[in-house]
Each structure stands twice: as C-alpha cells, then as structure tokens.
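Here the protein sequences come in this chain order: X and L.
For reference, each letter of the first sequence is one residue, going 0 to 693 in numbering that gives the first Met the number 0.
For reference, each letter of the second sequence is one residue, going 0 to 693 in numbering that gives the first Met the number 0.
To be clear, the hints were calculated from the coordinates, so they are not data collected in a lab.
You may find that some hints are simply not true.
Said to hold, decoys possible - Now the stretches of chain X that chain L is said to cover, found in silico as 3 or more residues with beta-carbon under 8 Å:
| no. | stretch |
| --- | --- |
| 1 | 31-40 |
| 2 | 67-73 |
| 3 | 85-95 |
| 4 | 344-356 |
| 5 | 490-501 |
| 6 | 560-570 |
| 7 | 573-586 |
Ideal Cβ positions, reconstructed from N, Cα and C, are used throughout, including at glycine.
Number of protein chains: 2
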Amino acid sequence: MTSGTPSLEWTDLDKKAVDTVRLLAADAVQKVGNGHPGTAMSLAPVAYLHYQRLLRHDPTDPHWAGRDRFILSCGHSSLTQYIQLYLAGYPMTLDDLKSLRTWGSQTPGHPEYNHTPGVEVTTGPLGQGVANAVGMAMAARRERGLLDPSTANGESPFDHRVYAIASDGDLQEGVSGEASSLAGVQKLGNLTLLWDDNKISIEDDTNVAFTEDVAARYAAYGWHVQTVDWTNGGTGYVEDVQALWEAYQAAEAVTDKPSFIQLRTIIAWPAPTAQGTGGSHGSALGADEIAATKELLGFDPDKSFIVDDDVIEHTRKARDRGVAEHEAWQKTFDAWATASPDGAALLERLTKRQLPDGWDADLPTYPEDAKGVATRVASGEFLSAAAPQLPELWGGSADLAGSNNTTPKGEPSFLPPEHSTAKFQGDWYGRVLHFGIREHAMGAIMNGMVQHGLTRPYGGTFLVFSDYMRPAVRLAALQELPVTYVWTHDSIGLGEDGPTHQPVEHLAALRAIPGLDVIRPADANETIAAWRTVLGHTDRPSALALSRQNLPTFPRGTDGWAPASDVAKGAYTLIDADGEPDVILVSTGSEVQIAVKAREQLAAEGISARVVSMPCREWFEQQDSSYRDSVIPPQLRARVSVEAGVAFGWRDVVGDAGRIVSLEHYGASADYETLYDKFGITADAVVAAAKDSI
Amino acid sequence: MTSGTPSLEWTDLDKKAVDTVRLLAADAVQKVGNGHPGTAMSLAPVAYLHYQRLLRHDPTDPHWAGRDRFILSCGHSSLTQYIQLYLAGYPMTLDDLKSLRTWGSQTPGHPEYNHTPGVEVTTGPLGQGVANAVGMAMAARRERGLLDPSTANGESPFDHRVYAIASDGDLQEGVSGEASSLAGVQKLGNLTLLWDDNKISIEDDTNVAFTEDVAARYAAYGWHVQTVDWTNGGTGYVEDVQALWEAYQAAEAVTDKPSFIQLRTIIAWPAPTAQGTGGSHGSALGADEIAATKELLGFDPDKSFIVDDDVIEHTRKARDRGVAEHEAWQKTFDAWATASPDGAALLERLTKRQLPDGWDADLPTYPEDAKGVATRVASGEFLSAAAPQLPELWGGSADLAGSNNTTPKGEPSFLPPEHSTAKFQGDWYGRVLHFGIREHAMGAIMNGMVQHGLTRPYGGTFLVFSDYMRPAVRLAALQELPVTYVWTHDSIGLGEDGPTHQPVEHLAALRAIPGLDVIRPADANETIAAWRTVLGHTDRPSALALSRQNLPTFPRGTDGWAPASDVAKGAYTLIDADGEPDVILVSTGSEVQIAVKAREQLAAEGISARVVSMPCREWFEQQDSSYRDSVIPPQLRARVSVEAGVAFGWRDVVGDAGRIVSLEHYGASADYETLYDKFGITADAVVAAAKDSI
C-alpha cells in the first residue's frame, strides 16, 4: 500500500448498492434454478469498485476506444459482470437479469463477446481470460506505438488499463501461468489482475489440490504483488474496500511490471450457511437461505430482484461520469488526430479492419520449379513482403521462429529493449513476438490482441502442437476472431523427429471445429494466395498448414495449369484431364504433387484424370453449387483423395465409390521420402486407388 | 547441500567416458545430418551420473520392478538417454547410435516407449515428461500402499525413486506447472526433477521469453529447491559433479517434498564456437566444429564414434552393479512375497493386467425406465460397484468430481492426511484423486501412472475440456496406455452453461485420433457394459462421453430390444424394424432415444426403421464384415445418423444416400430441451431425413 493514495468515498448508499448486487445474484440464480451465485455475491464490492470507481468507461458507448478493458476470467460468475452493466447503465435491464441462462437472453451462462454490450471477451473455459488480458495489454502497447509513440506515458489518448479478475481455477490452469510468465517478460505495467482467493472450488476446500503460494509464484514471474486480506487471517470478515482501492492505486503506480492483487475473500458472503462452501459456487442457494441473507442485510425477505430507486439513481451516475470522461478524452483525441493526420487515417483503416489499397502489389510470385520451395518458406516471404504495408500484422512463434518462418525481415521484436539478445533487437513497440514454448498462451494471447481492436496477430508452432492450443483456437472460432495460425511441419513430411512431432489426425480434428478455416497450400504460389485470402477475412480464425519440406512449384496459367488465385475458392481444377476425366484426384498440400504424378502415370495407361487442389474445404463449401459441381461433377463418382493424414472426413468428398489414400496410424522417425514410401502415400497408391474407383 | 554426504568417486576414466558421450552425440547427429547435439553434450556428465551412480537399475532387465524410473522430459535430446543405455549395457549398440533417426532403428528422434528397452516414456512434446514423472511418483506410492503399506519407508521392495530431467521448454509449458503444483500438494518425496538451465532454446537466448525466477516458482509450489551453478556466475565453467551429487543426496534426504535442482549449464559444452548457442540446440555442429571439440578433449579429430575399450569396460560395470542390486532386492522381495501371499498374488495379477474372476458379478443393472438415469450417474455407480473388486482402478476429476461422478462411495482420497477437508478424507495410500482444475496435467499424470506399471487410472472433466488435455490423450494413444477418460456433459444436453461448455466438434475430433476408443453410451445399461469392455482392454486409452441429463433406460432382452452386452461390438441393432427395414437410424448416446422415437413415428406412417445404437465406432470397425453388414446392410442405402455434434465423419456410416442430423454450429445458453428443439435435433428431423433418404 502506498501512503498518500487518494482516499475512496464509499457511502452507505454504495454499501446498499453492493448488497443489492449480492441479492440480485442470488435471486437470478434461484429464478432459473441453476448457475453460480457464490462468487457474484462475495465479489460484489470488487466488481462495483471496478465499474463505479476504477474503470474509465462510458456505458453509453461500450466500444469507446479510450475505455479501460475489463475481463472476468472466471466467466461462470457472469452475474458479477451483468449486474454491474445493469447498474452502470449499459444496455442491460432488470428483465435481462431475470432471464439469466435462458434462450435468447442478454445474460447467457457465461459472458459472450459480440452478444452482450460491455462484455469484452467470452470467458468460461478457465485460465483463458487471464491470457486474453495479457494479450490486450500487449496490443494496447503495440497500438499506441503505431498511433502515438512519442507522447509521454499516461498522456496519450491511447493509454488505458486492462483489469482482470481470476478465480482459483483460472490460476490452476497452465495457460494462465504461461501467459503470466510472459507478462512478466513484457513488463506490462498497464495490467492489473485480481485473484479472488476464496479457497473454494467445485470440489469444495481447495486444500485437496491447491496449496501453493500463488503470490510468491507471481512474484517469481516478475509481477508486482500485493495481498489484501478481508478475512483478517480468519479472525473476522471485513470488506475493506479502502484497502483494496489503495492496492489498485499502488498497482497503477508501478508502470514497469504487471500487478497482481491477492484478495482473500469468503465465497457467498454474507449468506448465513452457504458462505464459504463449495455448494454456493455452482448451485442456487435455496429460498430459505436467500431470505435469511436478505434479512441479514436489511432487505425485505419476501421480495425478489430488489433495486431501490436511490440505488439505481446513484449507480447510474456512472453514465454521466463516463460521458464526461469520454468528452474530455475526445478533446485529447481530436488534438492528436489534427496533429497526426496519418495516424488518424491509419486508425480509421484499422478500426474498420480494411486493407490498404495496393497492399498486395509486390507480393512474391514463384516460377515453375521442380525442386521448389517449402510452403513455410513462402509464408515467411509473404510476411516479409507484407509487413511494410500492414503494420497491423504482427506475430511470432512459440520458440520456433526459424522453423515456422514467422519473422519478417528487418523488423524489431516487441520486447522491452533490455531483453534484447544477440539475435533479436527489442523495442517497446516492436512487432516480432516471442511467445516462448507456450502454445496455449500464444493462442489465448492472440485472442486478446484481436479483441483489443486494431491488430491482426499470427502465431506459429508445429501443426502437431496445435493440440496444445486447441482450447484457444476454439474460442477464436466461437468469437469469430481473425487470428492466423502458422502451423508448419504439417505431416510425416517433417521426417526424422518422428511420431510425437508428426501430425496425422490434426487436419481432420481442426476441420471439425466450426468457424475455423483450415488451409493447406500445395505450393509456394498457393501459399501467397492463401495468405492474401486469409487477410481479406475479418470474421474468423484461419489456420495455415505448411510443409517443412520443399514442394515443387507448379507452372501457373500455362499448358492448362490454373492460376493460384483460384485458391480463394477453396478447391479448383489444378490441371484437368485430357478430354473428359475418368477419375478425379483430390488432394491438399504436399500430396498434390503426388496426385499430379499419378495423373501422368494414369495418362500413360490411357486413363484421364483431373487433379483438384483443395487447400481449404471451408472456402470450397462456401462456393455456389454450380462452381462446386464444375470442379467435382456429382455424376463422376470415380474419385480418389490423397492426404498424409487420417481418412476421417474425406468420404464427404469422394463419396461411396471413391477411394481414400490416407494414413491411419502414427508416423515414425526417418527421412520423409522413406516414410511416404513405407506408408504408401505414393503416386502408385493413387493410381491403384483410381483404377479401383473407376 | 548437506554436510556429511557420501563423497563421489569420479575418476579420470569417468571423465573420459563423459567426453566420449559428448562426442558420440555430436557424431551421431552429424552422421544423419539432423538432430539435437547441444544438450546431449552439456548434459553428458549429468546423464552419466544418473546411469552410473544415481539410478538403481539393471541393464539386463529393463523391466525390473524394483528399478528407479528415469524420464527425459526434453525428449529432443534423446541421445542423452540412448548413449547412456549403450554405455550401461542395455540392448543398445554402437551401430544403433549410428542409425539415429533412421527407419526402423532403436534410436528414433525422440525416445519411444515400448520401442527402445530402457525408455520408460515417449517424450518430445514439451512439458509432458515432467507431468509423467509426477504421475509415476504418485503411482509408486499407490502401488506401495496396495502391496506393502506397513513396511517402514525406504525398506520396502516397492520403494524407489523417480528422476526426471527437464529443459527450459519443459518448464515454460503450462502442463509442467500444473503437475508441479500438484506434486507439491502430494508431497512427493520420491521425485527429483533436474532443470537444465542453459538459457538457450530454439530462438536462442531465452531472455526474449523466459525471465522468471523458476527456482522461486518451484519453491512457491512447495518443492525443496537447490541450485548448482556450473557457470560460477559466468566466471568460468566447471562441471562440478560432486556438487551435483551432493544436491541429489540432499534431495533424497527430504522425504516430504519433491525436489527441484536448478543446474546452470552451457549448452554444447565444450564445443569451441557452438557452446552457448541456439544453433547447437537443433542442428548438426558441422565437421570442423566436431573435430575441434575432439582435439580439445584429446580425442582423435579424424575418427568418429570413438569408444575406447577402457571406457566401455568401465561403464559396462553398471551391469554387474545392476545385477547385484537386483539380486539383493530379490531377497527382500522374496521375503515380502512369502510373508504376503495375498500381496504377491495381487502383484502377479496387476503385473499381467488381468481382471479378477467374477469381478463384474455385482455390477448394477437398470430396469426399463422412461425417465431414466444420466449416463454419468450410471458411470459413478459402476465405479462404486467395481472399486472394491479392483484396487488398481483409481481416479478422480479435474475439480468436477460431483459432476463427473468419479468418486466411488466410501473411498479415501489419495492425499497427505493433513490436506483432508470436510468433504474428503486424505490417506497417503488413498484412491480418489483430486487433480485440481488442471486437465492437461491430469492427462499426462495418468499416462505416467500407467507407465509405472500396475494401476488403471481414470480422470474426469467435461467433454468440452478434453481439448485442454488433448496432447496427453494423443500420447496415451500413441503409447497404447490403458487410461480411461470420464468426459461428462457430452453435448448441448448440458444446457444452460452455454457454448463455451457445450462440445459440438469434440466427438469427431477425438474419433480422428488413431488408437483412441471413443464410447458414447445410450443409457445406463450401455454405460455399465461400456466400462466393462473398457477394462477388458489393456492396450489403448478409452474415452467415455457421458450425459449430464437423464436418458431413458431401454427395456433389454424383451420385445425385440437387444441386450446391452452388444455394446462390446461397438454398434448393434437396438430395436429392429417390423419386417424388412426401409431405413436404418444410427445414433449414439443421448440421441438414441430420438432415433427410437423417430422409429415409432415412422412406423405410424408405415415406414419400418431399424435403430442402431453405435456407442463406439472403433469397436464396430474391429468386428468382422459379416457382423458389420448384418447391422448395417450394404444394400440398404437409406440411412440416417443422429448425433448432437458436427456431421464430420458420419458420411462413412450413412453413405451417399444417407442423411445426417447434426449440429454445424456452436450451442447456446438455455435449458437443453429448448436447445434440442431450436437446433433441430429432434425425432421430427430424423423422420424427415429418413423419408428423404429412402
């Protein structure tokens, strides 16, 4: 705690408002019959402090660019946020609270991004929100660097803070630890994370599974750490809001470290028998317990959803304060915009997520080349070419930059300069990201970056390790966030590292995720076209599956070879049969060359085959049926697919009469040519399958 | 460091042997042209210390039950282990080392369980090995508790230690943090983890991403922490093996905490220019650098794979020591076996992974019941019934015990008694596991438990959070480990928690994993039959997908309803059409009741439908074709599948003419009846699809 902190005005009306919050939480869960009342009750003063005192926000404009960000990582306690949105005057009514967890309501079980105004992030899967907050804090710095780098800290319209609240569960999950470690490296002074240390999770007393010294762990990560104990060491519970306020003030004063506040609480306080119990975490308290709590707090036990006029009148002043703050900010912003017309134009473009005219004029193209280029290399060349045009595009790797080719040439790292190394020059406002060997945090951090608003992050690892980040990928798809994954080493084609590193089931498993585009380019030119298409989408995450090994570059636009721009259609005839095709060979990525060879072998035997490159099934499915039928005619039932992964899902494409050349087991450690041969992913196998299918 | 530690004899010949190891590592990578030489070089004295001094092991019997366990979590440095296996006299030759990373060799890129004698665990995906080691240390305690609980610590034939070596990458991964936190809770005094702190990962200097105080973090987890600095604060590199030895002795002396040893090293030591570089991590050093290193160490620079006779003669004495230790242990063991015939019989049964005769005599059966039982509840009742018969069966949940129904009645928790809570009684040798909100560690810990040898662990969470543990699930499948996942809340049927908690793509994504059985029972009796079948398998992991909501219990063995024992076939005709079927309705889990209703509606319209319950596609695919064709006749092309998840993969079952009733988007927060209705997973939809298909 610092001395000289501005003291907090906290009147009896504030206290009554906080008690109102607790009872609304209990009533809302009781009404629907399920949900999580306990934390919403005990965190009522904390959430109220945020929305009524700490946060710079404008309830009349939830998207105000100058707002502080608030993330409720413990999304199961969604009422913690919903009730504050209601009190502060966001578009949220008492009826919405009464509709908790019902069809079509503003108040789903967990907070949902793009659904409830004022909710910045979809949370619920634990640990994610902590990492999202780290991503937001990083993005805030990057965006400031793009728009207003030279203004003193704290004086730019792009200075704001990120606040997050985490539960025990959030901090047990590895993803939060990964992200918090990185936040320490990045010295994110704009981030404050509160831990609701109530020693209760669903299995009740956390002593069975969580005995570590969490505060010491955060200190080890390099965070500024404070503890506020409302239990007074177990001697008596006092909600000392002033002490918490002071801790927040002290946190803001530390600008070179993220801040961690351990707040010791009692869950479901002050419910007479439910407080401190696991039962209050995830179940309705029951009518009797709620009535007793109301009585205890001086509320009418026979009424529900009580919000006295003086309370709502008081809390709705948050709107006036927000509007005033917004207006004051607007003046600073307008002055900046006038002084920085280029910055203002950039901001407008980034806000709309538009690409600049002509951004892709100088992208690389590749001539026919039998030896070819690895698609991961072409991806790296794309990034180097695009980076100067697209400052919003930034990213890096989970410690595999050299393998994933994620570093655009000549660009500085996003890193405190004192963490520069012989290989990487750090700049507070740099753009090359070093996630460390933390794929899961990488995914969740990128989600937070996109949610912050202006940038387009990408992150790389080996495709097999997409498994490590899968929960974050799902959340990107669910929230329609334009994150790009650069997943290289996309098959047994990586060779010697063996089965632990060779994805076999991953393309199928990723295609199963609704709202995720999975793109596996067949050569260098397809890779450039794929990136171009990906950046044209603003409403979904995209996954690039790229080869480690060189792939031949096909001739384009000559002798019947299609241009690579057809990639945007998801699938296209790369090279057609001579005359009517007898069979269609469909393939992706590194196996397209095998289909091409098989076509030649078949031709030598008088069988005419069309080769369809299908880099992205999702894009293909979005084409109209006439286009789709022109590529894969329904009446032509002789079809073969070839992909170095499981067959799962390919029957959709090849149909009953088709054949699938696939890999139904794990790989092995050897050079990749041997593996393709031993595992039968060969032109001969495709030829045999084609004959079988015809 | 403790005083009075037995001093270590470390002769010039030992030093020469260690240098031999370094050069073998460099040569092996150079020969194949790719791999990871740096860590194998600098860790040579550490690995040598393990295999020649620390470990109790018998190279002539890699499966000796009394052995200490060694896990190389940084599996990319597989040579660290292979070379020691060779020197110590395991079935590993110099030619094997020369065949590194080539087809069919004993020395794949990463260590592989069940492939190379002496390798306890497949490692490579970082962080997993740390968690596997935690699982092994837990299993060692449980197994001791089953077989020899009353003997004093250190005097039982079932006392041994678990050693693991981790790299920077292992400790950046969240899974290792999760597992290490739990190891602190569990006070695993039999576990020692060494951190090779070389400040180098693939992106070179770890200062860009890893600046935390790792030792302090481990202290915060409740570990005993020591630091040995071979760099002497950067003043000069001295491989002080004595100091490291003393640290290991001190670690063993602490019996109520796991031990963490931070060892500061320089990667690729003493290669003159490659030492301390990121390049040495994952690339061959080059002929010149290797020659220079050989010269520096007094070896002939023109020779490769140098192993002098005095070296191999010296190191192979490990065999004699191992045989002698094994013989001494055998006496203790025999004495135990004589004194504990029941224990000996149990050990024999568990070693063979056999189930006891009649173990399933009293499993629950359920009468027809329209209201029915949730399959998660039936699963819990199975566990309560089976637990007394099967002491090897143990498990718990990632903090969702009450929801996953993973706690057998009346069983104590596996937990230091001082961590007992009001809800859970702790016992050092208990069987109920509390993983905390750490799904990923749960998965990896269970792998380590199985690898330790005798027990059958299970672990629960919500199906949607299978994503959090997916890398560990894959490794269980790759290693053919009989782990069982209890994944409840298996669809939108969980209701109000909404899209973050509702699995939609997960069944498909899990079915894509080779070697994993995915089982989704349709009612209580199928659940019991599923568990019975799962426990009969010893060579694969199994995933149970169980409902939150009640499901009707079908009448069994009457009026044409099949017995639930047919579950073992993966799919079966639950209730046939009256006469020849016009259409086949295939379904899983909670949607089988919908197919049953649709069958009735169709019958009312004169259309006869067969209902096939398909709880496990993998089991069905293992049946012979005559059985499969009897259930789904190839000529009957009118088929409908219904499952509350994505269609992906169902075309295999229904064929071109079939129809798939599925869910191609995320769920929502509402009661489950509303969701099924709004999303069209209904009998009406199945009826319409059936007519469409006919």
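Which of the stated hints cannot be reconciled with the structure, identified by number in ascending sequence?
The structure breaks hints 2, 3, 4, 6, 7; every other hint is satisfied.
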